[in-house]
Every structure is written in structure tokens, then in C-alpha cells.
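Asks: Could you build the full structure based on these sequences and the hints that come with them?
Protein chains: 2
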Amino acid sequence: MPNVYAVIMAGGVGSRFWPRSREKSPKQLLEIVNKETMIQSTVKRISDLIEPKNILIVTNKLQKPMVMKQLPQIPTANVIVEPQVRNTAPCIGLASLFVHQNDPEAVMVVLPSDHIMQDEEEFRRVLRLAAWVAYESGKLITVGIQPSRPETGYGYIQFIDEDADHTNPYFTRGVYKVKTFAEKPNEATARQFIDSGDFLWNSGMFIWRADAILREIRHLLPELDEELSKINDAIGTDSYDQVVETSYRMIRSISIDYGVMEKTKDVYVIKGNFGWSDVGSWDEVYRIAGKDEHGNSVTGRTHLQQTKNTLVYAGDKFVATIGVEDLIVIATDNAVLVCRQGKSQEVKEIVDYLRRKQMNDLL
Amino acid sequence: MPNVYAVIMAGGVGSRFWPRSREKSPKQLLEIVNKETMIQSTVKRISDLIEPKNILIVTNKLQKPMVMKQLPQIPTANVIVEPQVRNTAPCIGLASLFVHQNDPEAVMVVLPSDHIMQDEEEFRRVLRLAAWVAYESGKLITVGIQPSRPETGYGYIQFIDEDADHTNPYFTRGVYKVKTFAEKPNEATARQFIDSGDFLWNSGMFIWRADAILREIRHLLPELDEELSKINDAIGTDSYDQVVETSYRMIRSISIDYGVMEKTKDVYVIKGNFGWSDVGSWDEVYRIAGKDEHGNSVTGRTHLQQTKNTLVYAGDKFVATIGVEDLIVIATDNAVLVCRQGKSQEVKEIVDYLRRKQMNDLL
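Residue numbers (the working numbering), protein chains in the order written: chain A, 21 to 383; chain B, 21 to 383.
These are calculated hints, taken from the structure and not from any lab test. Hints may contain errors.
Any copy will do: because identical chains look the same in the list, a pair fits if it lies in one copy or spans two.
[Claimed, not checked] Simulated crosslink set (PhoX-like; lysine-lysine; CA at most 25 Å straight-line): (1) K285 <-> K199; (2) K197 <-> K291; (3) K250 <-> K199; (4) K84 <-> K368; (5) K89 <-> K368; (6) K377 <-> K311; (7) K328 <-> K377; (8) K285 <-> K204; (9) K363 <-> K328; (10) K44 <-> K89; (11) K328 <-> K73.
None of the values given here were measured: they were computed from a predicted structure.
Replies: Written out as C-alpha cells, the structure is:
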């Protein structure tokens, strides 16, 4: 078996869960779905598969203390800090250096820190298969989620559902070649994707060998590679922090999808049928939440009268509702959100407003 | 001119403005409509007419400190404490003793502490007229509000719109004899009342001489009169507090409407056309509030997106709404209410729930 590492990307400063998510407490550090924080669930979910010393967390300076507090089992040295937000390619590149120094042939499982999987056993089965294929083939592997609706908020992956030329030795194992990556579609296109049967949601989960991803970065993102080389040389030296700081000023923001996945050949995709959710909005939280017979889902001290299909998070407050339906009500220490179901994407605009007005106590 | 006193009834422990109104801060002590509290507005409204030394406030022990703090111009001796809540007849009877001891022929203007009048000049004109008629005639006078809708939440007063037998010397001044008092009607009856043209809303405001109301209490409520006599003898003595305490244990709850007004003869009513509101619910607050072009009325730090016809009180919190309409959103220190417009009468049930559950931090 290959040496398997997890790289958990935890630097997000999401604004979609305002008023709960704040700069100092982004979604991945909150108990959004469970009694654990999302990053705690993410680590726990893979703990049968990957031991703590092989789990790397990439975060930022502001969040590092909370990450370490929430994940005491992870060695401090495994918490990697990015000095700036530069999207996923630099984040993954940086983590790859650490894995590569330990074992160039080690497989990295790259995971967002704030997704959920309902069938965790199946999730681990997929990761095991992916790790094995990634190790043996040296290819880049991604996980595509079987779509359940024409979602316009995700990217899509089209796969090749045949092996006519017998160039895919993993075809019979349910590992497909990627035909193309598609950007977030409009609704009509999303419906076509669903109807075609050969499109999957892009989950943002990747599995590959450290040497494979660094090789692709070298070919496709030479500027990033140049800075990563400098950082690589500094790992373990006193100048490391300074070098990372300087390099990150040079590194431009680019996603691993756009920078690598869409441009490289021979990417494989494995279908994920494990009840995945990116928990991307309050609407999605309501969708996946347990509900009572009136369709309400409540957390905290609440009293709902004549209320239907409503999500309530009371925080340390008491929330009462009367005669309402299809609402999202989120109460926190200093802010309250009341949002119609289906509109929670627009929470970002509230946060934009608060930034414009410099209402920092609410950010 | 008669010597005129005001008696402001301020002992209410209303639950209809939860979560703002609490046991220690009932509606009359809150800034519900203005930047002044309702009792401050009530006193200010009559201050052209009645000087502070002639304004009596009847309240309870819990609220007395706040009453005195909010109304520093009122002499401490004028703040009368009822040891128990016993409805309006005992409250008015008790205050009448104090007025009567000063001047038996003095006119008392009995006012709730938590109503508003949009046309305060007209309100004072009505009070002046009523005080003059009450003084001269020795009759009981009440103020009836010209109804604007078939409200089922108020009692009604039917008046006699003629003076066929020339027994009403004030008829030409717009002072009518009362034909009957009617309890809160159902909607069909309320519509009949409105259509008939001779029904007014019972405002709970009364004007009479101290000797007149005490005489009526003596005839109609002899048990109350007996206790009031004991209290009357104790006024100004060291035993006063003890006597009031003991008497109030004997006194039964009864409203001045049921105990006196509905049973006595020769009651006069003056029509009030001064934009009266009893501000009886959050719905009523929204009805009388100033609104922006989307029909929203907000107090405090808020940001409303795609929101219509919504009342928001943010307290010291920040409240954001997205895509909602016809709501009432009230945020306080430890509780949030989200209520459909038209449903705010049911706020009482929330308070009942909190009492049953003994959630005292929310009461």
C-alpha cells in the first residue's frame, strides 16, 4: 500500500454563513451541521484511513490557533500557514512540498474542510480505491458527485463512459477518464448535463501522488513552481517563514481546477455516491437537516407557533416565531438574520454591505 | 375653573410587547413609538393642562423606581403603589382618595399610561371640555373614540345622538349621554356597530369629580368602599403601608367599566377624534409607524434586502432581512421574535409558554 497523506484546505473566509461565520470563525470552524465543527468532522471521517501524523491542515494565521484547539491530535508541525489567500493551486502546491519531502511517491488526498458525506463508509471506500489508482498510475484523480438536481452553483465533470481503445485499465473498477471540466452552468445547461447522464459535480476533492501534482505544476504553472522551489529549499530552516512570506507576495491567485485540472490530460474521475454536500448555504443546511413533522429544523432555545419549513438557529438567545413559513432565522451574539428559503445565496451581499460600511464588529 | 388632577394608571404588566416588554419593563416604561417612553409621552401630553404636583401615577412596587426615574418632575408622594394587581376599579378608587383629601370637588382625569394621540391639541381640547362638564354636572364622563374599523379588540360605547327631552344641557357642546356599554364584539357585530354610526370605542379614559366617583363606588361597590375608607383614614399616618397591604388582600379584582360605568346612570361620553391608539400590539405599532417607500419601519442597526411591509426593531443588535415581507422582527438582549403581521396578538401565548416553562430570564 502507498503512504497516504491528507491535505485539508481550511483557509476559507466564507461569508455565506453570516451571521454565524465571521472572519475569526469561518464555516469550517463552526458546528454547522453536527455537534462537531466541520473540520473536526472532516478529520474524524478519514481517521480510519489516515493517521494524524499524516494529516496536514493548510490554514491562515488568524485561524491557526482555533484549528489547533479543535484538532489537538494533529501535530503542530502539520498545521501549515499561508500568509495570504491565493486560491487552491498555491495552497495545494505548498502542502505537496511537505508530503514530497517525506515521500515523493506518497499519495495525497486533498479535501475541503467544510463538506459533509452522509455515507462515510462509502466515502472511505472511494478514497481507498482512488489512492490505490493514484499510486499505481501516477495520474491525477478527482471525485465526481452523482448529481441529484440541476444545480447551477457547482462546476461539472464530464466523464467517458466507455473504454473502447482499452487505454483505461481501471475502467472495470469504476474509475473513468475525464472528458472535460465545465464551469458553473446556467439552469438550462445544468438540465442538459443531468439528462446526458455523463456529467458529475466537481467536488473539489483530489487524489494524487505528491510527485505527480508537483510535476504538473512545474509544466503548467511555472511561475508558481519557481516560488514553490524557493519555499521547498527553505523548509526546515530558520528562513522558512520569511521565504514563504516573500514568495506569497509573488504568487498569484489561481485555482487548481483552472490552473491544472482543466489543462492537463489523463485525469481520472471516480463517482462519489456517498451523500455529499458542500453545505454551501443556509438553504443547503436546511435541505440536509433533520426536520420535525412541520418541516422545521431548530437548534437552541426556541418556541415555534404555527410555523412551517423553517430553519432556526438560536445561538445563546431564545427565538420565538409565530405564523411564518419557509424562513431561515439565525441569531447570534450581536446579529440576527431573517431570510426567505431559497435566498440565502444573498447573505454574501449583507457581508459586502457590512464591509463597505466598515461595521467591523459584525464581520 | 375646577382644580384638575391627572391619575395615570401605570401598573400594567403587559405581555403583548414581548420580547421587549418584561415584568420589570412593561410597555408603558418602554420607548415603543417615540424616543420617549409611553408614560413620558403621556405626562408630557397633559403638561400644558395639569401641573406636575397634580399628576398622580398609580403603579406597583417593582416598577416604582423606573417610574420615578423616567418622571423626575413628578413629586415622589404622587407615585402611588398598589400592593397587588386588582384591575382598574381599586386602582382608581385608591387614587381618588388622595385627590378627594386635597379637594373633594377636584376633577380627576383618569388616563392609561400607554396610549398615544396623534393630535395632542385636540386631545387637550376634549379634556378641557370634559373637565368643565364633569365639574359642573358632577356626572361621570368618558371619552369614546370615533371608530375607523370594525375592531374586535375593544369595548364599544353606544351614545344617544339626540336630546329630545332636553335633559342633556351639554348636547350642543358635543357631549352625549351614554345609552349602553358593549363588550368586545365579534366581527359581524363590530361591523353592525360601525354601520349604525352611534357606537364609539371605549378608550378607558375617564373624567369626573373625586366626590362623584367615590359616591358611585360607595353605591355600587360597597365592599371596595369599605376598604377604601380604611385606607382613607390611614393616609398620612405611619400605618398607611400596612393598611393598604391588608386592604388589598381583601379587595377583589374588578374593572371600573364593569363595576361602575356599566351599572350607573347618567354617564356622558365625549367623542375623541385625535388619532388615538392604545398601541395594543406589534401590529398596531406597525400600523401607526412611519414607513419607507417599501412599507418598512425600522429602529436600530438594520439592513433590509428585498424586504417589504416589515417592522424591525434591532435593539442593540444588527438585524438583516432578505426576501421577506409582512413580518415583525424584534431583537432584544436575549430573545428574538419573528412574527407574521396580523398574528402579534399571539405573542401572549409565547409569554404563557415561558411562564409554564419557568424560563424566568425571558419574562
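Asks: Now look at each hint and say whether the structure bears it out.
Replies: So, going through the hints one by one against the coordinates:
1. K285 <-> K199: within (9 Å within a copy, 94 Å between copies)
2. K197 <-> K291: within (11 Å within a copy, 85 Å between copies)
3. K250 <-> K199: neither (35 Å within a copy, 98 Å between copies)
4. K84 <-> K368: within (24 Å within a copy, 47 Å between copies)
5. K89 <-> K368: neither (28 Å within a copy, 44 Å between copies)
6. K377 <-> K311: So K377 and K311 pass the 25 Å test across copies only (23 Å; inside, 37 Å).
7. K328 <-> K377: between (34 Å within a copy, 23 Å between copies)
8. K285 <-> K204: Only inside one copy: K285 and K204 sit 21 Å apart there, 80 Å across copies, limit 25 Å.
9. K363 <-> K328: both (17 Å within a copy, 15 Å between copies)
10. K44 <-> K89: This pair counts as within: shortest intra-copy Cα distance 14 Å, inter-copy 41 Å.
11. K328 <-> K73: neither (46 Å within a copy, 54 Å between copies)
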